[in-house]
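Novice: Letter by letter, the sequence shown follows residues 83 to 295 in our numbering.
It should be emphasised that the hints constitute simulated quantities derived from the structure, not laboratory data. Be aware that one or more of the hints could be misleading.
Keeping only pairs whose Cα atoms sit at most 20 Å apart, straight-line, the calculated EDC-like set for lysine to aspartate or glutamate is [to be verified]:
| hint | residue 1 | residue 2 |
| --- | --- | --- |
| 1 | LYS187 | GLU243 |
| 2 | LYS220 | ASP273 |
| 3 | LYS210 | GLU223 |
| 4 | LYS167 | GLU147 |
| 5 | LYS167 | GLU243 |
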Amino acid sequence: MDEGKKVVATRSDLHLPRRMFHLTMGVSCGTIYALFLTHNQAVYILGICASLLYIFEQVRLNYPEYSGQFAKVTHYFLRAEEQLKESASVPFVMGMLLTILTFPKAVSLIAIYTLAISDPLSAIVGIKYGRTKIVPHKSLEGSAAFFISCFIIICAVYSEEFNNGPITVLFVAFAVSFCVTVFEMLPIKLDDNLTIPIFTAIATWIASALFVI
Numbered sequence: 083m084d085e086g087k088k089v090v091a092t093r094s095d096l097h098l099p100r101r102m103f104h105l106t107m108g109v110s111c112g113t114i115y116a117l118f119l120t121h122n123q124a125v126y127i128l129g130i131c132a133s134l135l136y137i138f139e140q141v142r143l144n145y146p147e148y149s150g151q152f153a154k155v156t157h158y159f160l161r162a163e164e165q166l167k168e169s170a171s172v173p174f175v176m177g178m179l180l181t182i183l184t185f186p187k188a189v190s191l192i193a194i195y196t197l198a199i200s201d202p203l204s205a206i207v208g209i210k211y212g213r214t215k216i217v218p219h220k221s222l223e224g225s226a227a228f229f230i231s232c233f234i235i236i237c238a239v240y241s242e243e244f245n246n247g248p249i250t251v252l253f254v255a256f257a258v259s260f261c262v263t264v265f266e267m268l269p270i271k272l273d274d275n276l277t278i279p280i281f282t283a284i285a286t287w288i289a290s291a292l293f294v295i
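Go ahead and model the full structure; you've got the sequences and the hints to work with.
Specialist: In structure tokens, the structure reads:
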């Protein structure tokens, strides 16, 4: 790989192209699912995308002679540590696929938008403005951005339910956002692109069932 294409970004870097791609792809997938696709159609399409992405990653990792060709595109999005292992794109797509496959549409949309918006937003705010450390690699400012954005997402997806009981929706949004924000701070060794949407969906589904949303 030539020096101009060398991947040097790490998890602690702002790496805006990667985070904006993360946000754009996640929001696009969620919006297309919300407006145009049935449950089965979304599962088929994401399943195909996940399979193709996995094949691409295997070729990229196992055929280094082609790494220069791949690097023309991937160097904008990969971290340095992902040069020799699967990138976060696989768990990112799998996280969305599993939530759509398992949960009702509204719940899976909340999970997808939380992954797409809250996760990169908290990283950007935390890296750029984070001063108050809560746990290693997590700041109060970044976690606040995660909580607020997650709260807004839940209220937006459940906006039609405000006519039936706004207090209930606000309470569910607060409770789920708080739980997911705390979960996001835990030092879990699994990829957060997989764990965040699944935990968000589980928390939202339980809270929605308990309070009949």
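Novice: With a cut-off of 20 Å on the C-alpha distance, tell me whether LYS220 and ASP273 pass.
Specialist: Answer holds: LYS220 to ASP273 is near 16 Å, not above 20 Å.
Novice: Given the hint that LYS210 pairs with GLU223, does the C-alpha gap stay at or below 20 Å?
Specialist: holds (10 Å)
Novice: Within 20 Å, alpha carbon to alpha carbon, are LYS187 and GLU243?
Specialist: Answer holds: LYS187 to GLU243 is near 15 Å, not above 20 Å.
Novice: Is the hinted pair LYS167 and GLU243 satisfied, with a Cα-Cα distance of at most 20 Å?
Specialist: violated (44 Å)
Novice: Does the alpha-carbon distance linking LYS167 and GLU147 stay inside the 20 Å limit?
Specialist: holds (16 Å)
Against the hints set out earlier in the document, a violation occurs for number 5 only.
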